[in-house]
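Residue numbers (the working numbering), protein chains in the order written: chain A, 7 to 119; chain B, 147 to 263.
Because the hints were derived from the structure by calculation, they are not lab data.
Built from N, CA and C at the ideal position, the CB exists for glycine as well.
Using 20 Å as the maximum straight-line C-alpha spacing, the simulated EDC-like pairs for lysine to aspartate or glutamate come out as follows:
1. A:Lys48 x B:Asp170
2. A:Lys8 x A:Asp33
3. A:Lys48 x B:Glu190
4. B:Lys161 x B:Asp209
5. B:Lys203 x A:Glu9
6. A:Lys8 x B:Glu190
7. A:Lys62 x B:Asp250
Here are the computed distance ranges between Cβ atoms for each label pair:
8. A:Gly60 x B:Gly149: 23 to 33 Å
9. A:Leu81 x B:Pro154: 37 to 47 Å
10. B:Thr159 x A:Pro16: 30 to 40 Å
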Amino acid sequence: QKEVEQNSGPLSVPEGAIASLNCTYSDRGSQSFFWYRQYSGKSPELIMSIYSNGDKEDGRFTAQLNKASQYVSLLIRDSQPSDSATYLCAVPPPNFGNEKLTFGTGTRLTIIP
Amino acid sequence: GAGVSQSPSNKVTEKGKDVELRCDPISGHTALYWYRQSLGQGLEFLIYFQGNSAPDKSGLPSDRFSAERTGGSVSTLTIQRTQQEDSAVYLCASSLDGGGASPDTQYFGPGTRLTVL
Numbered sequence: 007q008k009e010v011e012q013n014s015g016p017l018s019v020p021e022g023a024i025a026s027l028n029c030t031y032s033d034r035g036s037q038s039f040f041w042y043r044q045y046s047g048k049s050p051e052l053i054m055s056i057y058s059n060g061d062k063e064d065g066r067f068t069a070q071l072n073k074a075s076q077y078v079s080l081l082i083r084d085s086q087p088s089d090s091a092t093y094l095c096a097v098p099p100p101n102f103g104n105e106k107l108t109f110g111t112g113t114r115l116t117i118i119p
Numbered sequence: 147g148a149g150v151s152q153s154p155s156n157k158v159t160e161k162g163k164d165v166e167l168r169c170d171p172i173s174g175h176t177a178l179y180w181y182r183q184s185l186g187q188g189l190e191f192l193i194y195f196q197g198n199s200a201p202d203k204s205g206l207p208s209d210r211f212s213a214e215r216t217g218g219s220v221s222t223l224t225i226q227r228t229q230q231e232d233s234a235v236y237l238c239a240s241s242l243d244g245g246g247a248s249p250d251t252q253y254f255g256p257g258t259r260l261t262v263l
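Chain B with its partners taken away, still in its complex shape (with noise of 0.2 Å):
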């Protein structure tokens, strides 16, 4: 079947704009994850959502970013007034459960590329 899905793939943004980054994750998986993998930084939790509520965002980096997730299914990550330090790579990972007895493989969407100029 079809795997975690995002959009866009590359996004060129000038200091200070807003941008949207989407995910579809693999259908009828309620867990899912954004992270950041810039260089230096390696790969990083951002926010996870169980079904359409967000019980951790502790790795959410400032206010200026949020995510929401809607109908279980798609979610959408948020930067306010971007900076060059937010230039890497989003990843949008599901699980099909996130918290059951044993954890649940993460599978991993291609990534946005986010270059803030």
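The following block holds chain A by itself, in its conformation from the complex (with noise of 0.2 Å):
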């Protein structure tokens, strides 16, 4: 099993509805979520961090976190064209002094306008 698993998708949304992108992982002491953006070509962009079990909102992106099921999800609301990118998941250790992050593959959005 893989550390971090993520749906490669792609995942099509029309603009205006809610994207719902989803990742799992393996390691039960794991207690950091990221979110990342990364548009083809470009280099990853943090867009949320999530560390306590539930939602955490920030403008249109709400992050949930589900420690018990080991699921972190990213929910994008209003979904709009420039929302289309590729979302990786990222996890760091669970022990503190070493933040190097394992990557899920990536889901790629694509929002049909």
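Using the hints, put the two standalone chains together into the complex.
What follows is the structure, encoded as structure tokens:
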């Protein structure tokens, strides 16, 4: 089993709809979770981080974490064409002092105008 | 302020040659990471620096790969005797602390696209 798993997509969502991206992880001790957005040919940029069970909202983005199910998701409301990108789920090791990130392979999202 | 910079942006080399990739982190960031992104493999960790020390080199794929960091700033990733499977985008990231009570945001550079012919 991979340490961090994502559905590679592509995921197509109509403009204005909600895009739902999912990620599962294998290490039960993981404490922190990150969502990065990567446009084609560009480097990843952080859009959300979440550490506690439940929901965390930031503008049109909501991250959801369920540690019991080892599941983290990203919801994008009112999807825009500019949201079309690959979304990477990333998890650092549970121990402090080294924050190397283990990435999922990413979900390619396309917003259809 | 200035972000993470990397050079060169593109590098084409012949199999068997050595290459050096450079990373300039954000000023004041003590933690620096190298990752590699290739088709079908996703983004994978290579090495982590805290200051000039590299406490985690576990991601380096072979002894042909080495990296150093000097003055707590610039880092160089060296690949000796390059092979075609080394072709990938090499990304550098830096963060403020790298070991605090909660993870810091890692800021990525634009990457170096390496092509080994």
